[in-house]
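Residue numbers (my numbering), protein chains in the order written: chain A, 1 to 328; chain B, 1001 to 1187.
Simulated from the structure, these hints should not be mistaken for lab results.
Small disclaimer: the values here were computed from a predicted structure and weren't measured.
By construction, the Cβ of each residue, glycine as well, lies at the ideal position given by its N, Cα and C atoms.
Certain hints may be false.
What the hints assert, rightly or not - Partner residues aside, some chain B positions facing chain A, computed with beta carbon under 7 angstroms:
(1) Glu1127
(2) Asn1128
(3) Phe1136
(4) Asn1138
(5) Ala1153
To be verified - Quick list of simulated restraints, FRET-style, between CB atoms:
(6) Pro1164(B) <-> Arg11(A): 46 to 56 angstroms
(7) Ser1163(B) <-> Gln327(A): 50 to 60 angstroms
(8) Met1001(B) <-> Gly53(A): 29 to 39 angstroms
Said to hold, decoys possible - To spell it out: a stretch of chain B is covered by chain A in this simulated footprint if at least three of its residues, at any positions, have a beta carbon under 8 angstroms from a beta carbon of chain A; those stretches are:
(9) 1033 to 1045
(10) 1114 to 1121
The chain contents come next:
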Amino acid sequence: MNLLEQQASNRRRTWLVMAAFVVFLGALGYGFDRFYLGLRGVSFPIGSLAALGLGSVSAAAGYYGGDRAVLLSSHAVPLETSLATALSDGQRFRLNQLDNVIEEMAIAAGLPKPKVYVVPDPDPNAFATGRGPQHASVAVTSGLLDLLSREQLQGVVAHELSHIRNLDVRLLTVIAALVGAVALLSDWTLRGMRYGPFRGGRSRDRGKRSGGGAIALILFALWLLAAILAPMVGQILALAVSRRREYLADASGAELTRNPAALADALDRIDGGVEPTRAIKRGSAHLCIADPLGRRVGIREGFWPDLLATHPPMHNRIAALRQMAFQQ
Amino acid sequence: MALWIVLGVIAVLTIWIIATYNRLIGLRNQTANAWRQIDVQLKRRHDLIPNLVNTVRGAMEFERDTLTQVMEARARAVAASGPADASRREGELTQALGRLFAVAENYPTLRSNENVKLLQEELTSTENKVGFARQFYNDITTKYNISQQTFPANLMASSFGFSPAELFELQSEAERQVPTVNLSMRK
């Protein structure tokens, strides 16, 4: 798949995910109307409308503000701020170097320079976010700056810039924002259930239902299941979408630096730090260069790891890069 | 019926010509822009070098030759005219700088000096930026040339005044032999 196809597919998927999200919320809202309000004789579809409105608003918010939310939730600090508060000359030197490396790789990729953030966390990790090359940010942890050499840092930054150039970040940021929103809504819906049809006591409306009772009951069960499973489905969607992308970003990152060995070394070192990256929350795990949760599901490939891990096995990525370095 | 077919063919052809023309124009501008990006980075390098030389001059009293060579190479590079000339002289400047950094390794006071380290980082970065700007220029130029020369775009490219752009190549033999000069002090 070349760059243009990759970008087109990411654009398509972003819209698809957002549309699916709105439709899904609409269905939840419709169920709410039907099983909850409908039984009380309220005919105005308030739930559907509210869910559709909320869905559209949060899809738009995820598209335009997802990057800010992700940066905020990981406590990322703008580079200028961390330069001003750096404690030692050595730290300042490394921060300057990070800024330089990011500008270099932006030139190599032919992209505008993204905004630079530092996440104060001792575990080495990095992520990129934003809705496109014009509005992109790259964040690295302070642990990464301490651990990697200049060339290795360059490899990691090139990987992140490839995510930006492929428009991976747009899709992944939108998913991160929407997964959060779905989790929240499903939570509210389930709370609402306490006052739902089967807790409603013997209201006079129950009699009306006797005709299509069985079908309504099945529909209701399905709806309930959807509301319960929604966060999980969102999560799995995020995972399925992100794994293959890592190989691709590794490869196109190596194409930018013409130095796959450095990225392989960097991944090797990052893998050595098995501590979870505490600053980075579960919702944005799939944005990172290495799984920030320090999970070990990512060691093998196969059905279950594919379903559960955000990242392909590290040693496979390293092996692929070493092979590229060998062929050079 | 036949009229409609003819009209349809003409419409499709027109759309194709417009699309191809616009794509080539876009690529030509990207190529020109990538070339200017190299210039921007070279200018930055020229501005940094006097700073570096002044900072290390005190400690490197005995290496006057090396320092003079760098300054002379810089002056020649600034005065260069035309891409071919410029790339040869920039190559010479890169080599002079490489020698300077190699010699500077022998001076412990320089190696531990924060200002020198910062300047060296800036120069390393500028060298990289020049390199990556060239790499990007070559990538985009290759794309531009390929889209001119492949069928069927080649049927119309030259008649609309598109010509293949020149790739950036290393001029001097010495630079060809030593493709990377590792200027950073760390391994």
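Hint check results:
At its closest, the beta carbon of Glu1127(B) sits 10 angstroms from a beta carbon of chain A; the interface hint therefore is violated under the 7 angstroms criterion. The interface hint given for Asn1128(B) holds, since its Cβ lies 5 angstroms from the closest Cβ of chain A, which is under the 7 angstroms cut-off. Taking 7 angstroms as the C-beta cut-off, the interface hint given for Phe1136(B) holds, the closest approach to chain A being about 5 angstroms. For the restraint placing Asn1138(B) at the interface with chain A, the shortest Cβ-Cβ distance is roughly 11 angstroms, beyond the 7 angstroms limit, so the hint is violated.
Residue-level restraint check for Ala1153(B) is violated (minimum Cβ-Cβ distance to chain A is 16 angstroms; threshold 7 angstroms). Between Pro1164(B) and Arg11(A) the beta carbon distance is about 31 angstroms. The supplied range of 46 to 56 angstroms is therefore violated. For the hinted restraint 50 to 60 angstroms between Ser1163(B) and Gln327(A), the CB-CB distance of approximately 34 angstroms leaves it violated. Remark: the range hint 29 to 39 angstroms for Met1001(B) to Gly53(A) is contradicted by a beta-carbon distance near 52 angstroms.
Figure legend: the stretch 1033 to 1045 of chain B, annotated as covered by chain A; annotation consistent (3 residues with Cβ-Cβ distances under 8 angstroms, at least 3 required). Only when three residues or more bring their CB closer than 8 angstroms to a CB of chain A does the claim for the stretch 1114 to 1121 of chain B stand; here the count is 4, and the claim holds.
Of the numbered hints stated above, those contradicted by the structure are hints 1, 4, 5, 6, 7, 8, listed in ascending order.
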